[in-house]
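Undergrad: Sequence:
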Amino acid sequence: MDIVIEKPNINHAGAIATICSTGWKQTVEGILSDEYQLINVAYWYNEERVKSDIEAGAYSYIALMDSQVVGVIGGGKTGTNTGEIFVLYVDDQVKYNGIGKKLLETLTQEQIEEGISEQWVSVQEGNYRGIPFYEARGFTYKEKRIQETETGEQQVSLRYSREIPF
1 MDIVIEKPNI
11 NHAGAIATIC
21 STGWKQTVEG
31 ILSDEYQLIN
41 VAYWYNEERV
51 KSDIEAGAYS
61 YIALMDSQVV
71 GVIGGGKTGT
81 NTGEIFVLYV
91 DDQVKYNGIG
101 KKLLETLTQE
111 QIEEGISEQW
121 VSVQEGNYRG
131 IPFYEARGFT
141 YKEKRIQETE
151 TGEQQVSLRY
161 SREIPF
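Here the sequence shown is numbered in the UniProt record's numbering, starting from 1 and rising by one per residue.
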């Protein structure tokens, strides 16, 4: 399986929107209402918003397999020495083949070159895919954040960080 990691362009927006909306809905399935899922996906992962976010640099890298987008990661610098992973999703059809690891390694290398020495990520509480993935890569739990959604639900994010290079 040949995986190519590269910067996205607006032609990738539809595929990125699909992968992110599917992945996000999987992480909150049974936790947040269908109503809120529709609102959130419509806001963050509509194709026009994704195109705009690609142009703004919010999506850092994509993974391509046979010229098809199969994964995406977005991150940025959030402080002098701190960086954040905003989004990391891999297409369900190819999960557990090292694609997420390659995306994370590529973003991490870029962040190290930008002078970042501490990397943060928020993971949905109960995300049985994301939590073990990040913990296996040296992230440790730091805090819990609770936000109220537009539908009055509580969305619980677990904050993890790691020192890089680690």
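Rather than coming from a laboratory, the hints here were simulated on the basis of the structure. Each hint should be verified, as a subset may be incorrect.
[Stated by the list, open to error] Derived DSS-like pairs: lysine-lysine, alpha-carbon spacing no greater than 30 Å straight-line:
1. K7 x K51
2. K101 x K142
3. K51 x K25
4. K25 x K142
5. K101 x K77
6. K25 x K101
7. K25 x K102
8. K77 x K102
9. K7 x K95
10. K142 x K77
11. K95 x K142
12. K101 x K7
13. K102 x K7
Undergrad: State for each hint whether it applies.
TA: Against the structure, the hints:
1. K7 x K51: 13 Å, holds
2. K101 x K142: 22 Å, holds
3. K51 x K25: 20 Å, holds
4. K25 x K142: Given that 30 Å is the threshold and the Cα spacing comes to 24 Å, the pair holds.
5. K101 x K77: 20 Å, holds
6. K25 x K101: The hint holds at about 21 Å.
7. K25 x K102: The given pair, whose Cα atoms are some 23 Å apart, holds under the 30 Å limit.
8. K77 x K102: 19 Å, holds
9. K7 x K95: This hinted pair holds, its Cα atoms lying about 20 Å apart.
10. K142 x K77: At roughly 19 Å apart (the allowed maximum being 30 Å), K77 and K142 satisfy the hint.
11. K95 x K142: 27 Å, holds
12. K101 x K7: Given pair K101, K7 holds - Cα atoms ~16 Å apart, limit 30 Å.
13. K102 x K7: 13 Å, holds
Hint check: no violations occur; every hint is consistent with the structure.
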